[in-house]
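Those sequence lines, one after another, are chains L and U. Under numbering that gives the first Met the number 0, think of the first position of the first sequence as 0, with each following residue one higher. Under numbering that gives the first Met the number 0, think of the first position of the second sequence as 0, with each following residue one higher.
Hints in this document: simulated from the structure, not taken from any laboratory. It should be emphasised that the depicted structure is a prediction, and the values quoted were computed from it without experimental measurement. Treat the hints loosely; a few may be bogus.
Partner residues are not named here, just some residues of chain U that face chain L (Cβ under 8 angstroms, in silico) [stated by the list, open to error]:
(1) D7
(2) P9
(3) L28
(4) T30
(5) N32
(6) R95
(7) I120
(8) L294
Simulated crosslink set (EDC-like; lysine to aspartate or glutamate; CA at most 20 angstroms straight-line) [unchecked claim]:
(9) U:K102 to L:E14
(10) L:K90 to L:D293
(11) L:K90 to U:D156
Cβ atoms here follow ideal geometry from the backbone N, Cα and C, with glycine treated the same way.
What follows is the residue order along each chain.
Number of protein chains: 2
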Amino acid sequence: MIDPVFLDSPQYRCEALEPALGCEVSIKLETANPVRSFKGRGTELVASQLAEAGSRAVVCASAGNLGQALAWSGRRRGLDVTVVASRFATKAKLERIRALGAKLELVDGDHELARERAAAIAQYDGIRLLEDSLDLETCEGAATIGLELVEGTPEFDTVLIALGGGAMATGVGHVVKELAPEVDVVCVQPLGAPAMTHSWRRRRVITTESTNTIADGVAGRFPIPEVLDDLLLIADDAVLVHEESIVTAMRLLLDHAGLIVEPSAALGLAAVLEDPTRFANHHILTIICGSNVDLPTYQRWVNPPS
Amino acid sequence: MIDPVFLDSPQYRCEALEPALGCEVSIKLETANPVRSFKGRGTELVASQLAEAGSRAVVCASAGNLGQALAWSGRRRGLDVTVVASRFATKAKLERIRALGAKLELVDGDHELARERAAAIAQYDGIRLLEDSLDLETCEGAATIGLELVEGTPEFDTVLIALGGGAMATGVGHVVKELAPEVDVVCVQPLGAPAMTHSWRRRRVITTESTNTIADGVAGRFPIPEVLDDLLLIADDAVLVHEESIVTAMRLLLDHAGLIVEPSAALGLAAVLEDPTRFANHHILTIICGSNVDLPTYQRWVNPPS
Numbered sequence: 000m001i002d003p004v005f006l007d008s009p010q011y012r013c014e015a016l017e018p019a020l021g022c023e024v025s026i027k028l029e030t031a032n033p034v035r036s037f038k039g040r041g042t043e044l045v046a047s048q049l050a051e052a053g054s055r056a057v058v059c060a061s062a063g064n065l066g067q068a069l070a071w072s073g074r075r076r077g078l079d080v081t082v083v084a085s086r087f088a089t090k091a092k093l094e095r096i097r098a099l100g101a102k103l104e105l106v107d108g109d110h111e112l113a114r115e116r117a118a119a120i121a122q123y124d125g126i127r128l129l130e131d132s133l134d135l136e137t138c139e140g141a142a143t144i145g146l147e148l149v150e151g152t153p154e155f156d157t158v159l160i161a162l163g164g165g166a167m168a169t170g171v172g173h174v175v176k177e178l179a180p181e182v183d184v185v186c187v188q189p190l191g192a193p194a195m196t197h198s199w200r201r202r203r204v205i206t207t208e209s210t211n212t213i214a215d216g217v218a219g220r221f222p223i224p225e226v227l228d229d230l231l232l233i234a235d236d237a238v239l240v241h242e243e244s245i246v247t248a249m250r251l252l253l254d255h256a257g258l259i260v261e262p263s264a265a266l267g268l269a270a271v272l273e274d275p276t277r278f279a280n281h282h283i284l285t286i287i288c289g290s291n292v293d294l295p296t297y298q299r300w301v302n303p304p305s
Numbered sequence: 000m001i002d003p004v005f006l007d008s009p010q011y012r013c014e015a016l017e018p019a020l021g022c023e024v025s026i027k028l029e030t031a032n033p034v035r036s037f038k039g040r041g042t043e044l045v046a047s048q049l050a051e052a053g054s055r056a057v058v059c060a061s062a063g064n065l066g067q068a069l070a071w072s073g074r075r076r077g078l079d080v081t082v083v084a085s086r087f088a089t090k091a092k093l094e095r096i097r098a099l100g101a102k103l104e105l106v107d108g109d110h111e112l113a114r115e116r117a118a119a120i121a122q123y124d125g126i127r128l129l130e131d132s133l134d135l136e137t138c139e140g141a142a143t144i145g146l147e148l149v150e151g152t153p154e155f156d157t158v159l160i161a162l163g164g165g166a167m168a169t170g171v172g173h174v175v176k177e178l179a180p181e182v183d184v185v186c187v188q189p190l191g192a193p194a195m196t197h198s199w200r201r202r203r204v205i206t207t208e209s210t211n212t213i214a215d216g217v218a219g220r221f222p223i224p225e226v227l228d229d230l231l232l233i234a235d236d237a238v239l240v241h242e243e244s245i246v247t248a249m250r251l252l253l254d255h256a257g258l259i260v261e262p263s264a265a266l267g268l269a270a271v272l273e274d275p276t277r278f279a280n281h282h283i284l285t286i287i288c289g290s291n292v293d294l295p296t297y298q299r300w301v302n303p304p305s
């Protein structure tokens, strides 16, 4: 059901990154597709099921990537797509959502307020609410990444996955632990948005009052209990990284891999930068999960005025 | 014989590029692999044949991408690889050639001098000279791009191909004209390195005294007669573009597709920018053939000091 344009994404070793990181580095590149993130895998599942069931509309809250992907998948199946996002979201993401013909509603608050508002719209309009990470399709979409990762014998011993709501971590993690249990699954979250990591560590939902990170794609405050349960089954570790490490990792990917990535996509390498001893002589793989950035902002991050 | 890491590269529509170009735009992304260019397809063929025949060494002249790819393909098969390049070549390309364990010899002149020197080394050492565009493997490697382009029914009506020595143009072009003859094959070269385009137009080899372009990957002066013969069979047109258009196209790919590309990879979109009427309402596909740039230079191109 997933358009092939989202499948079999590039997966390759980036030796040019290795001297700076002190380990072998492979990447799974989820940005070379029409929506520049991995989210199309999941929205293709949702939209095709809705179209088959004769539904006409769907709504989701999104930091931008899920909304863009749902707009793309919904448009080609004649679905009315509504996306609720924070008015502070990355402009490039909001522009693409609009350009793809979705209805975009902005809330004057963060992603958690957008989630509330999307739920209200779904109830009022009687349409499907797509809840990222809670709805199985979003995890199953990510799980197809996992299947591609472990095809053949994986050369890596550790996979580093950005952790936000948990769809990617649980989707990829389940497959990896099932098919290649010897591979370590390490989730990485910013210190400025640590709710799910704290929850994983204490084995119960911990919420936070606010978030403070440039990694917009993973900045949630209210972990979903069912997703935490899943995460507890599959994650070998969950680590928190500083903003400076995220920026350094983005800069490394630019300098040595020629890749523009959004902050969430740099979390894996940020974790290596913060704990080089742990990963020394390992072969890590990280998923480059998105590249939707506001370019002027991106350029300020990676080229700070001296 | 080609490592799968080079095959089935991403091919997708980039709607965000379309308002600026006035036509439908798809790209074939040949940069998401360990050598960041399409050249690995051809060097995999050469290196595997050499290894099978028990050869131990190979030499080539290169602006950098062929050399890097040959170094990669040769290393994993135990071949001694020598690359001859201009000392003015892109530093990042030269660094990667060295990092991959090849012997790098620099000449104090342009690519044509490097070709002479590589031929001399091959003769003196009695080893295989890999001649880009003349040696069929380099065209066959590129031809595998063509096979992927026309799989299923191509949605594009025009393919825009960077033209240098001619391996990519003839390799891709032969397959496209064979399997999808209705698709227009348009080769694009910089006005500052027009030898092959002039030759194609006059149907005989025309050489130039010098080159003057930032598109280092296509800056040749001495077209190979056999390659010209091939090009005459498959190209529907060959056009020349200004340096300014190449830079504008690079900037568009950065702004709207999130892609860092080398100048040669922007030639196709430069051609659209220079003749929007011709391509209006067409669906063009262009091959993003490489992303190996010196980043400070790249940043000067796309962000000129105001």
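Going down the list of hints, with the structure as the test:
{"no.": "1", "hint": "D7", "result": "6 angstroms, holds"}
{"no.": "2", "hint": "P9", "result": "4 angstroms, holds"}
{"no.": "3", "hint": "L28", "result": "5 angstroms, holds"}
{"no.": "4", "hint": "T30", "result": "7 angstroms, holds"}
{"no.": "5", "hint": "N32", "result": "5 angstroms, holds"}
{"no.": "6", "hint": "R95", "result": "7 angstroms, holds"}
{"no.": "7", "hint": "I120", "result": "26 angstroms, violated"}
{"no.": "8", "hint": "L294", "result": "6 angstroms, holds"}
{"no.": "9", "hint": "U:K102 to L:E14", "result": "18 angstroms, holds"}
{"no.": "10", "hint": "L:K90 to L:D293", "result": "6 angstroms, holds"}
{"no.": "11", "hint": "L:K90 to U:D156", "result": "33 angstroms, violated"}
In summary, the numbered hints that this structure violates are 7, 11.
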